[in-house]
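Peer 1: As a plain string of letters, each chain reads:
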Amino acid sequence: MRQDLAYLRAQIGALETGTHGEARVLATGARAFDEALGGGLALGGVSELVPASFMDEPANISFSLACGAIMMAQRPGDLVIVQDGGQARSWGSFYGPGLQGRGLACARIMLVDAPDAKRFQACLEECARTQGLAGVLALAGAKSGFNLAGARRIQLAAEHGQSLVLLVQSLRTPPFAPARARLSITSAPSRPIPQGPSLPAPGPPSWRVRLERARGGIKPQFSHLAFHLEYDDATHRLYQPAALADRPPVTHQRWA
Amino acid sequence: MRLIALNRAAEEAGLSRGMMLAGAKALVPDLMVADSDHGEETSDLLALARWSMRWTPYVAPVKGLTNTYGLFLDITGCAHLFGGEDGILADMLRAMRGLGLTARAACASTPGAAFALARFAPDAKGGLSAPDGRALRALVGALPIEGLRIDEMKASALRALGLKTIGTLAGQSSAALARRFGIDLVAALERAQGYEDEAIDPVCEIIPRRVRLRLMEPLMTRDGLEKAVGKAVGEICILLARYNEGALGLVVNLYRVDGMVLTLKGGSGRPHRDAVLWARVLRERIEALSQGAGLDLGFGIDLIEIGAPIVQRLEDIVADLDPIAAAALASADALHRLADRLSARLGAGRVTRFGAVASWVPEQAVTRVAMCDASQAGHVAATDFPAHIAARRPAMLLECAQPIDAIAEVPDGPPRQFRWRALSFKVACAQGPERIACGEEQARDYYRVETGEGHRFWLYRQGLPGLVERPRWYVHGIGV
Chain S
1 MRQDLAYLRA
11 QIGALETGTH
21 GEARVLATGA
31 RAFDEALGGG
41 LALGGVSELV
51 PASFMDEPAN
61 ISFSLACGAI
71 MMAQRPGDLV
81 IVQDGGQARS
91 WGSFYGPGLQ
101 GRGLACARIM
111 LVDAPDAKRF
121 QACLEECART
131 QGLAGVLALA
141 GAKSGFNLAG
151 ARRIQLAAEH
161 GQSLVLLVQS
171 LRTPPFAPAR
181 ARLSITSAPS
191 RPIPQGPSLP
201 APGPPSWRVR
211 LERARGGIKP
221 QFSHLAFHLE
231 YDDATHRLYQ
241 PAALADRPPV
251 THQRWA
Chain H
1001 MRLIALNRAA
1011 EEAGLSRGMM
1021 LAGAKALVPD
1031 LMVADSDHGE
1041 ETSDLLALAR
1051 WSMRWTPYVA
1061 PVKGLTNTYG
1071 LFLDITGCAH
1081 LFGGEDGILA
1091 DMLRAMRGLG
1101 LTARAACAST
1111 PGAAFALARF
1121 APDAKGGLSA
1131 PDGRALRALV
1141 GALPIEGLRI
1151 DEMKASALRA
1161 LGLKTIGTLA
1171 GQSSAALARR
1181 FGIDLVAALE
1191 RAQGYEDEAI
1201 DPVCEIIPRR
1211 VRLRLMEPLM
1221 TRDGLEKAVG
1231 KAVGEICILL
1241 ARYNEGALGL
1251 VVNLYRVDGM
1261 VLTLKGGSGR
1271 PHRDAVLWAR
1281 VLRERIEALS
1291 QGAGLDLGFG
1301 IDLIEIGAPI
1311 VQRLEDIVAD
1321 LDPIAAAALA
1331 SADALHRLAD
1341 RLSARLGAGR
1351 VTRFGAVASW
1361 VPEQAVTRVA
1371 MCDASQAGHV
1381 AATDFPAHIA
1391 ARRPAMLLEC
1401 AQPIDAIAEV
1411 PDGPPRQFRW
1421 RALSFKVACA
1431 QGPERIACGE
1441 EQARDYYRVE
1451 TGEGHRFWLY
1461 RQGLPGLVER
1471 PRWYVHGIGV
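Chains as they are written, first to last, in our numbering: chain S, 1 to 256; chain H, 1001 to 1480.
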């Protein structure tokens, strides 16, 4: 790239994000995925997680929880989970022991149940503005889409607080315009763990993550990249399973 | 049916209390009557009692009498603020008249004497401040025995004996009176004559740390209210600083000029006395209330009282020299401020942490603990769930388990295929069972299963295989 073009890009980038120099990121551990994102999940910005289909909404939420665990492992402070209570909780509500099993220590989680979409947006702005949090998970309902001005407010608040906001969209929520990254999540079968003659046990959770947009990351023409990611709950990191392991699941018949 | 209360026009028409309704209608054919509603009247009296706390914190309604409404106010140490006993009585009567109530007031050394004088002394219309000792007994002695707060049966029995005034009753031997009418009558006599004091039961808890702000002009606007509350907050924070204490909650009572009291409550997760933060929390509260149209200022607010019901001693904080520890401290501080503000806006129950409960039943093992609820202060401890249980639980739990049609290995294997919400799933991986037994019928065998597409569920079979003929299957959690 020509040097003057790069300089102009950097200037525009600084105007856009209000930060000069390098944007700060949080590495997730999966190297190729981080590089495509431009180093990791952006601090001081909103990353958007969207499910690829209706049945992928649980996978979307569980991916966001894995990211939450990564945030809590790498950053001090508490994780705030903001939920839009106006939506029907078709997938149930968060369950403390399960969260702890994934590495989200319950003593460091604050749950905020906003009664409707309007107050959900106000609470999210308030949380994004707060400095010193590990991160903010926002679970949007179908009706809690942001208009352009509202989305910009959240973005500015996140820049002010240098906080990491993950916006977990439901299938019908309209897209969040100023998102730093937009990831489309599909559930993927895990690598089963054989256990004697019966059915194999499910392996570590895994997802197929498609990068739809990444500001400051990989160039747009290459951005429709898909990654197969797994979560390691011992080290709180995402990783890409080795290509050798990416073969059709071992069926139990071989052990019968 | 009898008349129990009249307005001035009815009195001028010649009606009186206790008259039969039929007789009254015969005298005044176009008389308007309404049924008495005891519950409403009692709650109105309580509201009036709360409003009367503008004169003294110790206010109690008169109890134990039918169709007799009165308030006891203990004005010890308060009268000089209103220009002495005569001044405070005149102020009370003026205020009650402003509310459209006919009131009589008297002030004496004991509640019993004050009651008798207020109700039956002719001077009580303009406020009667009674002397002590012999002069008090002379004043009370001339009053009818109803002034003793005794029931009507006893009063009519005494009247039948010719004992019509407190003075004549006091002339009798108290032993004889106790034998005939019970010891209560003697006690009532002692109280009315100022010999014996009596405890009253105040309507509100007494908050030692409180500040009141009298306003020259009634406040009508929200802007003004926010400013005035901010000023009151500043004053109570100065008061708390004097005792080196921090508040876990603030209660603001707004006295409306028309006899109503509005209450605002703000809470905090930990004690502090930062006036800016408290003002912000209360402003959120005002905003939340006015959105729900729950804050009607009416004709204005003329008195603001702010109290800190729960206070804790604050130790002086040493600014930490270690930057990491200082950052952690600042971060915890920021979180608590955020929690306080959001709790004020949404209600304390909506800003929570998880709390562990020692129970094997999955849906009972978790509770939500409010971040800033003064009543739970100190119970909010960092709780962890046992690790071996946490590893096998789902991230999302359904409010109640939903029945599914499942095909499982017989007799007690994991499910192979199931239908949930009109979708069919084929199980590829399964782990279990984990048996949680709450009685034989209710025993559950939990399985973590994953479908071929990677959807993860937490399923259970209810009833032990072999004991129950057709066990039922349920889905209980998602994303296990």
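By construction, these hints were calculated from the structure, which means they are not laboratory data.
Wrong hints could be hidden among the right ones.
[Claimed, not checked] Here are the computed distance ranges between Cβ atoms for each label pair:
{"id": "1", "chain 1": "H", "residue 1": "Gln1462", "chain 2": "S", "residue 2": "Pro174", "range": "38 to 46 Å"}
{"id": "2", "chain 1": "S", "residue 1": "Ala105", "chain 2": "H", "residue 2": "Thr1076", "range": "52 to 60 Å"}
{"id": "3", "chain 1": "S", "residue 1": "Ala142", "chain 2": "H", "residue 2": "Arg1097", "range": "51 to 59 Å"}
{"id": "4", "chain 1": "S", "residue 1": "Ala226", "chain 2": "H", "residue 2": "Leu1321", "range": "46 to 54 Å"}
[Stated by the list, open to error] List of simulated lysine-lysine pairs, DSSO-like, C-alpha gap at most 30 Å:
{"id": "5", "chain 1": "H", "residue 1": "Lys1154", "chain 2": "H", "residue 2": "Lys1125"}
{"id": "6", "chain 1": "S", "residue 1": "Lys118", "chain 2": "H", "residue 2": "Lys1125"}
{"id": "7", "chain 1": "S", "residue 1": "Lys118", "chain 2": "H", "residue 2": "Lys1154"}
[Unchecked claim] Footprint (simulated), chain S over chain H, 3 or more residues, beta carbon under 8 Å:
{"id": "8", "region": "1184-1193"}
{"id": "9", "region": "1220-1226"}
Beta carbons are placed, not taken as given, at the ideal position from N, Cα and C, and that holds for glycine.
Peer 1: Hint by hint, note whether the structure agrees.
Peer 2: Consistency of the hints with the structure:
Separation of Gln1462 (chain H) from Pro174 (chain S) is about 41 Å and conforms to the stated range, judged on CB atoms against 38 to 46 Å. Judged by the Cβ atoms, the range 52 to 60 Å given for Ala105 (chain S) and Thr1076 (chain H) holds: they are separated by roughly 54 Å. For the pair Ala142 (chain S) and Arg1097 (chain H), the supplied restraint of 51 to 59 Å holds, since their beta-carbon distance comes to about 58 Å. At about 49 Å, the beta-carbon gap between Ala226 (chain S) and Leu1321 (chain H) stays in the expected band of 46 to 54 Å.
Taking the CA atoms of Lys1154 (chain H) and Lys1125 (chain H), the gap is about 27 Å. The hint holds against a cut of 30 Å. A C-alpha spacing of about 55 Å is found between Lys118 (chain S) and Lys1125 (chain H), which places the hinted pair above 30 Å, so the restraint is violated. Restraint check for Lys118 (chain S) and Lys1154 (chain H): not satisfied, since their Cα atoms lie roughly 64 Å apart, outside the 30 Å limit. Judged by the Cβ-Cβ criterion of 8 Å, the region 1184-1193 of chain H is not covered by chain S as claimed, because only 0 of its residues qualify and three are needed.
Proximity of the region 1220-1226 of chain H to chain S, defined as three or more residues with a beta carbon under 8 Å from a beta carbon of that chain, is not established by the 0 residues found.
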